[in-house]
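Take the two lone chains, each set in its own frame, and fit them into one complex as the hints suggest.
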Amino acid sequence: MSDEKADKPETAVEQRATDQSPENAPEALGEPGLEIRAVGERRGMFGVQGSGDTSGYGGLVAPVVLPGAAQRPYGGWFDGVADRLDPLIEQVVIHRGEITFHVRREHLLEIAQKLRDDPDLRFELLSGVSGVHYPGDAGRELHAVYHFMSFTWNRRIRVEVAAPDADPHVPSLVPIYPAADWHERETWDMFGLQFDGHPALTRILMPDDWPGHPQRKDYPLGGIPVEYKGASVPPPDQRRSYN
Amino acid sequence: MSTDFYADSADTSDGKVFTVSGQDWDEIAAGMGDNDAAERVVVNMGPQHPSTHGVLRLILEIEGETVTEARCGIGYLHTGIEKNMEFRSWTQGVTFCTRMDYLSPFYNEMTYVLGVERLLDIEDQIPEKAQVMRVLLMELNRISSHLVCIATGGMEIGALTVMTIGFRERELVLDLFELITGLRMNHAFIRPGGVAQDMPPGALDQIRDFVALMKKRLPEYAALCNANPIFKARLENVGHLDLEGCMALGLTGPVLRSTGYGFDLRKAQPYCGYETYDFDVQTWDTSDSYGRFRVRLNEMWESLRIIEQAADRLARLEGAPVMVADKKVAWPSQLSIGSDGMGNSLDHIRHIMGESMEALIHHFKLVTEGFRVPAGQAYVPVESPRGELGAHVVSDGGTRPFRAHFRDPSFNNLQAMGVMSEGGQIADVIVAIASIDPVMGGVDR
Chain S
1 MSDEKADKPE
11 TAVEQRATDQ
21 SPENAPEALG
31 EPGLEIRAVG
41 ERRGMFGVQG
51 SGDTSGYGGL
61 VAPVVLPGAA
71 QRPYGGWFDG
81 VADRLDPLIE
91 QVVIHRGEIT
101 FHVRREHLLE
111 IAQKLRDDPD
121 LRFELLSGVS
131 GVHYPGDAGR
141 ELHAVYHFMS
151 FTWNRRIRVE
161 VAAPDADPHV
171 PSLVPIYPAA
181 DWHERETWDM
191 FGLQFDGHPA
201 LTRILMPDDW
211 PGHPQRKDYP
221 LGGIPVEYKG
231 ASVPPPDQRR
241 SYN
Chain L
1 MSTDFYADSA
11 DTSDGKVFTV
21 SGQDWDEIAA
31 GMGDNDAAER
41 VVVNMGPQHP
51 STHGVLRLIL
61 EIEGETVTEA
71 RCGIGYLHTG
81 IEKNMEFRSW
91 TQGVTFCTRM
101 DYLSPFYNEM
111 TYVLGVERLL
121 DIEDQIPEKA
131 QVMRVLLMEL
141 NRISSHLVCI
151 ATGGMEIGAL
161 TVMTIGFRER
171 ELVLDLFELI
181 TGLRMNHAFI
191 RPGGVAQDMP
201 PGALDQIRDF
211 VALMKKRLPE
221 YAALCNANPI
231 FKARLENVGH
241 LDLEGCMALG
251 LTGPVLRSTG
261 YGFDLRKAQP
271 YCGYETYDFD
281 VQTWDTSDSY
291 GRFRVRLNEM
301 WESLRIIEQA
311 ADRLARLEGA
321 PVMVADKKVA
331 WPSQLSIGSD
341 GMGNSLDHIR
351 HIMGESMEAL
361 IHHFKLVTEG
371 FRVPAGQAYV
381 PVESPRGELG
391 AHVVSDGGTR
401 PFRAHFRDPS
411 FNNLQAMGVM
421 SEGGQIADVI
431 VAIASIDPVM
441 GGVDR
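Line order of the protein sequences matches chains S and L. Numbering-wise (full-length UniProt numbering), the first sequence opens with residue 1 and increments by one. Numbering-wise (full-length UniProt numbering), the second sequence opens with residue 1 and increments by one.
Be aware that one or more of the hints could be misleading.
Residues from chain S shown here face chain L by an in silico Cβ test under 8 Å; the list is partial [unchecked claim]:
# : residue
1 : 40
2 : 65
3 : 204
BS3-like cross-link-like pairs, simulated, lysine-lysine; straight-line CA separation at most 27 Å [claimed, not checked]:
# : chain 1 : residue 1 : chain 2 : residue 2
4 : L       : 365       : L       : 328
5 : L       : 267       : L       : 215
6 : S       : 217       : L       : 365
7 : L       : 216       : L       : 232
8 : L       : 365       : S       : 229
9 : L       : 365       : L       : 327
No lab work stands behind these hints, which were simulated from the structure alone. Keep in mind it's a predicted model, so treat the numbers as computed, not measured. Every residue, glycine too, gets a C-beta built ideally from N, C-alpha and C.
For reference, chain L alone in the conformation it holds in the complex (with noise of 0.2 Å):
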């Protein structure tokens, strides 16, 4: 048998288990004999598998090459996000839950801040530049998840070519992002009542340069899969999911859509203004794999038709106030960067320190204390890129949320992981789940 130390056998009460890590599986397949286990094999694909986007433990029975029945192991990458914002005020909580979902970070805060706003009961008051704002980084958002959804579902299939460039956009909209906000990821931008700071100078026309780029880049994704064979025999009939088995499993977003069932939120129950944009819904009518590709590829489109329409407005709205006026609410300063990254506004400092004990004081219980929200629950969910975002926001009419739950679509998803592959090769186990597009951050939270 084997002598390495990493890849042994066991006897354990369940049968023989095997550690493999890349040794000759010749000894593998004479150590299983000719009992039983020869014929079924439950494999542990991960947790750190690099086609499982994340640690995504897979729990397999096969027989041969073929997968009999399909499991889930998450939990992972649980942090426990939700206790840590019952511990911290309202406007800190955004800081936790953009960290949920790594690539979609604005539409964690936003699911959360919405319903914040409506508890508080100020939806109406919000400007209209922070909802222009807010949509103008949420669609940058849809595509750079996109873009990583496409990326690592090429890779994961032999495409690297779709990885490189999928990642070289995704960088274009990551430096946009750290123009705007200071960060790319982990944001913090969307705050209860509005966004942390103005737009910065200059950043409408990046924004415009972006757009102009994107549309000379997303033509070389269509002509590099969408006609492709290898890519359409690998995508093709490959998780298959019809509409009863979304609606049963709780399914949305582009699996939904590649049913052909146009559901979008953004449509459906609009919400920071989407209903004065003018977007289509993109549907496929396949229902697998190759549908979900298309339906990004071409939501991908729409974004760029969104953003465009928002950089027009922000350009009217130059000056315009980015937070809701209500002072109990809105954070005392604005944010100012200087030439060590970003800090506090110097005008303000001045301000609270040398002119205004007042507002010295009001600063310090802002942003110790921070704001009351009235008792009550709400839920505001958004379309994210991966479906049906929504946070369950209980207030005590404390300074800190008594419950924040958020329901992921990750999370959902996931449970129609069995469904797609049963049946099915290995091989396209990881195409499925490559078409579910599951970020771990946010299914395990």
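Chain S with its partners taken away, still in its complex shape (with noise of 0.2 Å):
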């Protein structure tokens, strides 16, 4: 023990919370055989980072992981809503009483469509587009959520799509539901998504000459050091914090 206090102290000792609690391991404690994938990592108790480690939780490094995927029968009329979708569906979520259809980009418009045109669907209503950013799902980081509400069936949905960083294209939605035009630029905006078929994707909240996409994860959220009595108080995204 004592040559490893002449490491670098300031370093804790990485700790898998799965290997060395493998009960606590997401798939132990999910559905068997459910496929679980973590979109990031949390490491530490207490956000400290870069700095010694006093707590002793400072090598925690625990998974990120988003509800998995919901297993038939769904309940009530969600099973009606996949029935109508199937084929194009990649992954059903049920949290919380609400349901994601997860679909592939390259289905989206199909699914839209449906989701419009068939009489046992009839989402009218495109509420909104959302984007989410998350860095640690390879492969996947740009996603686009769409929530939809049906006027004449009283139902809402999420329809879920992503698109790696490599290359963030989504089909447009506006052709289908013209509502989805200045949600689509916000999220161009925000997130540097490309809508294609979007007739005018430009920026719509940051200035026209703005650089970089302002609610990515790698863009900072800015802020400079507040002087006050004689102590320097660093920006919000620079304080140490909780995580």
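Quick look at the structure:
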């Protein structure tokens, strides 16, 4: 133990939580045979980076795992909607009573057309498009999340497509749902997701000549240190913080 | 040519550009000559025009007084609220999102908090009193927001009395907000798990007085506007958008209900116990600006009904908790109002500083670190005064939102500006926008 101390003391020894206690691994907790992908990693307990670890928790490495795929039957009207879309769906996630259909981007237009026109679906309203950037989700970093609502059936679903950072292209829904226009422009502006087929994919909230896409996780929040009574308070994204 | 430094003309690759700031328009007419430009003029209205509801820039292509193409330029009020929320705890997020749509702060807080509560899986554990207070505050907020919409909409067409009485009544609502939450706006009062604190003494009486007064004052709006020939001439058949148009462009709220379709999330997908209140969804069947005005006016009456019912329930719920019982989520100390404003409760300070080390640790951890929210995503929209307002809340299991995106109804509804105003007169553009009631703080976030 003593010669370990001579090593770099500021670096905690990494301990993968799942290696130490496999009974707590997500695979062990979830449904048997269910593949659960980690979309990121959480390190340490208290968000301390780059300083001496005095808590003893600094070496913990835990995966960030989003809710896994649901198995049939989904219950209620979820099954009926899923039947209609079935071959085009990659994965169905049901979490807290909300259903999410993960689809491949090449199927998005077909799905949207069905959602709007199929009399058993009739999702007339596209509420909006929301981008999410998962830097740890290799090959699927950029997600576009669509919320649909059906006036006819009074239902709500979520459709999620993913694109890799290297090829940030997703088909545009504007030809099917004109409401997507500004929402897609915002998602392009904030995440750099390119919606192919959009009539005028330009920045909408940021200035036209703005470099970068601010909502991406690799884009800093910005801000300057503030001096107060001799002390310097760093900007929020550089403060020590919990995670 | 003009010698005004700020109102000059310049030649650009896109043609001649004039900056107009109230000088002699004859110069501009003469300066345009008789080429194509004289026929087709592109006018930038705003972003600081008083009639554009904040910093909204309208790009209008006009032929004479007729608008042939209309587009919006937005983003002047973008403050990165969604990005900032990713760097604060879940509870602190409320403080940011309340500032988005500054005319309906409680709705911003509510949709975000409902999303967080769904991810925490504590939706069933929210105390009844907290839910009733939320409904009360939201309906008061609907009245104040609709009043501003009607007031500014009136001002823009020259009905200044409508503006002065609108802001007069709104002030009464803001006084109630100040009494209940301590602030006139930016309340951050609705928190994950409940509300920040209990009703102050005497608040119910003041709410009842307000309702009684509003029942006298609301007919004034009807008397001033409903059958006023000038008001009707300016609003009727202006900004027309039918049900198909609303659905295609995703419009909700009073614009949708003015087409005769009575869709209201409070009825269709109730939250906070709206299904237990007795109220009607207001519709109109003209699909125009006048219909939207009447829908808003009628909705204020319905809000008064809900407020009365909520006040009756609160009278029964005196002393009931307003925060979830789970101490790992509930904010540790209730605030108290002292002579110098609102601050920490002295009883609580005494408890953590003098009596219980564990309480001090708990307080410190919850305030600095916050609570963890299980990984996942939720979207719980609410019926804001402008339509469907929803927060897409994503958690990675940490103490801060991984992503919080707001589907703001103003942002979505402004897309209809072009459809509503193309082919009409310039003066009607203003009326059409006023009937959408966009709030730029919500549009740009």
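Hint by hint, here is what the structure shows:
no., hint, verdict
1, 40, "holds, 6 Å"
2, 65, "holds, 6 Å"
3, 204, "holds, 6 Å"
4, 365(L) / 328(L), "holds, 10 Å"
5, 267(L) / 215(L), "holds, 24 Å"
6, 217(S) / 365(L), "holds, 26 Å"
7, 216(L) / 232(L), "holds, 23 Å"
8, 365(L) / 229(S), "holds, 25 Å"
9, 365(L) / 327(L), "holds, 12 Å"
Violation of the numbered hints given earlier is absent; every hint is satisfied by the structure.
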